[in-house]
Amino acid sequence: MNEQESPLSLILFSGTDDRLGAAAILATGAAAMGRPVNVFLQYWALDAFRRGKVNAWHGAAPEAGPSGAVLVRTSLAGPRHWSELFRQAKDIGDVKIHACALSMELFDITHEDLDPLVDDIEGVAAFMSDATTGPITFI
Amino acid sequence: MNEQESPLSLILFSGTDDRLGAAAILATGAAAMGRPVNVFLQYWALDAFRRGKVNAWHGAAPEAGPSGAVLVRTSLAGPRHWSELFRQAKDIGDVKIHACALSMELFDITHEDLDPLVDDIEGVAAFMSDATTGPITFI
Amino acid sequence: MNEQESPLSLILFSGTDDRLGAAAILATGAAAMGRPVNVFLQYWALDAFRRGKVNAWHGAAPEAGPSGAVLVRTSLAGPRHWSELFRQAKDIGDVKIHACALSMELFDITHEDLDPLVDDIEGVAAFMSDATTGPITFI
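Sequence lines, in order, name chains A, B and C. Residue numbering for the first sequence is 228 to 366, as defined by my numbering. Residue numbering for the second sequence is 228 to 366, as defined by my numbering. Residue numbering for the third sequence is 228 to 366, as defined by my numbering.
Just so you know, not all the hints are guaranteed correct.
Copies of the same chain look alike in the list, so a pair counts if it works inside one copy or between any two.
Restricting the straight-line Cα-Cα distance to at most 25 Å, the calculated cross-link-like pairs of lysine to aspartate or glutamate (DMTMM-like) are [said to hold, decoys possible]:
# : residue 1 : residue 2
1 : K280      : D335
2 : K280      : D340
3 : K280      : E232
4 : K280      : D357
5 : K317      : D347
Source of the hints: derived by calculation from the structure; they are not laboratory data. Predicted model only: the values in this text are computed from it and were never measured.
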């Protein structure tokens with residue numbers, strides 16, 4: 228396997244808009260280089276990918292403070308929203324977004340409850356078997 | 228070295244039960260695939276592995292909100308508690324849990340103060356020398 | 228490429244002093260082993276690297292609680308401050324600190340606004356092209 232092609236495995240745990248933004252930028256950068264990207268949605272990140280909730284305000288990290296939160300909120304307007312970046316990343320590259328089966332159980336939701344950006348539901352074993360090479364980045 | 232065998236290096240920094248749960252799931256998934264796992268406990272994660280404190284409630288990420296915290300707390304009951312998952316991961320695979328020497332100093336504690344799940348105390352140099360290949364995932 | 232030389236790519240997102248401390252320890256450990264380190268400063272971590280703000284108190288993770296925050300604050304005194312550890316890491320090894328161009332835009336700041344520890348400003352594409360091998364660790 229060409230090193231360039233070693234996949235980027237992104238575990239999204241956090242559901243705040245600043246961390247989701249950082250994740251989307253990373254996914255876009257990797258996809259633009261032709262690197263496969265596997266995203267695994269857990270806990271509060273999965274909650275943020277619910278159908279109809281993607282464009283809601285999900286807050287910022289506590290350390291942002293009120294003025295930092297305003298900056299993040301303003302930056303989400305239009306084409307720079309993380310959901311839009313993930314959409315672009317999927318258009319330009321091999322980017323798959325998987326919902327963690329255990330987190331689905333935690334929230335007691337099904338595939339229909341999720342935004343169309345999410346490709347499927349999978350267990351940690353399936354996610355890990357795609358991540359035998361390359362970084363595993365937890366956000 | 229077979230790629231399959233490239234170790235997973237997990238740095239546990241956060242001490243909330245949701246992040247510890249995500250870490251335990253990842254460790255279990257990797258161990259089930261026969262992949263060595265090295266866990267390095269720092270700061271608040273180390274604090275959560277103190278003897279007698281493992282089963283206490285350590286809270287959830289701020290973004291969980293009160294209802295999310297209840298979900299996490301409920302999910303910890305019985306065999307799904309992260310400490311139980313780490314125990315299973317150690318039973319099925321090559322999983323070592325190391326306490327960061329500097330964080331031990333920060334809390335002014337010794338090996339006796341830690342849960343038996345913790346194998347030993349080591350410095351960052353020792354941890355990094357086991358992580359020359361494979362991902363380094365910070366949780 | 229020798230595996231030993233596979234670079235460590237560190238994305239610093241969080242601006243609290245405990246996470247910055249964990250990042251600095253990791254960078255120092257990798258540099259001491261002769262491993263190249265690329266640090267990418269985003270969001271609140273970039274904010275913490277502003278000129279004249281590095282030695283300010285940036286708080287600790289919410290889970291630290293008041294007593295944990297005091298421990299962190301005390302541990303920052305003198306030669307153990309994370310900025311000092313990054314300085315040492317740069318002295319002993321091949322450690323580069325890059326400011327994320329998009330986060331610079333978010334805060335509307337220029338290179339002059341940053342601490343001299345920061346080498347340059349780069350986009351995510353440049354950062355990712357240095358990270359085609361090795362771990363990508365998000366802190």
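Status of the hints after comparison with the structure:
In this assembly of identical chains, K280 and D335 lie within 25 Å of each other by CA distance solely inside one copy; the values are 16 Å within and 29 Å between copies. Taking the shortest alpha-carbon separations for K280 and D340, only the intra-copy value of 10 Å comes in at or below 25 Å, while the best inter-copy value is 37 Å. For the identical chains of this complex, K280 and E232 are neighbours neither inside a copy (33 Å) nor across copies (39 Å), given an alpha-carbon limit of 25 Å. Taking the closest pair of Cα atoms, K280 and D357 never come within 25 Å of each other, the shortest separation being 28 Å inside a single copy and 35 Å across copies.
Proximity of K317 and D347 under a CA criterion of 25 Å is satisfied intra-copy only: 14 Å inside one chain copy versus 30 Å between copies.
Checked against the numbered hints given earlier, this structure breaks hints 3, 4; the rest are met.
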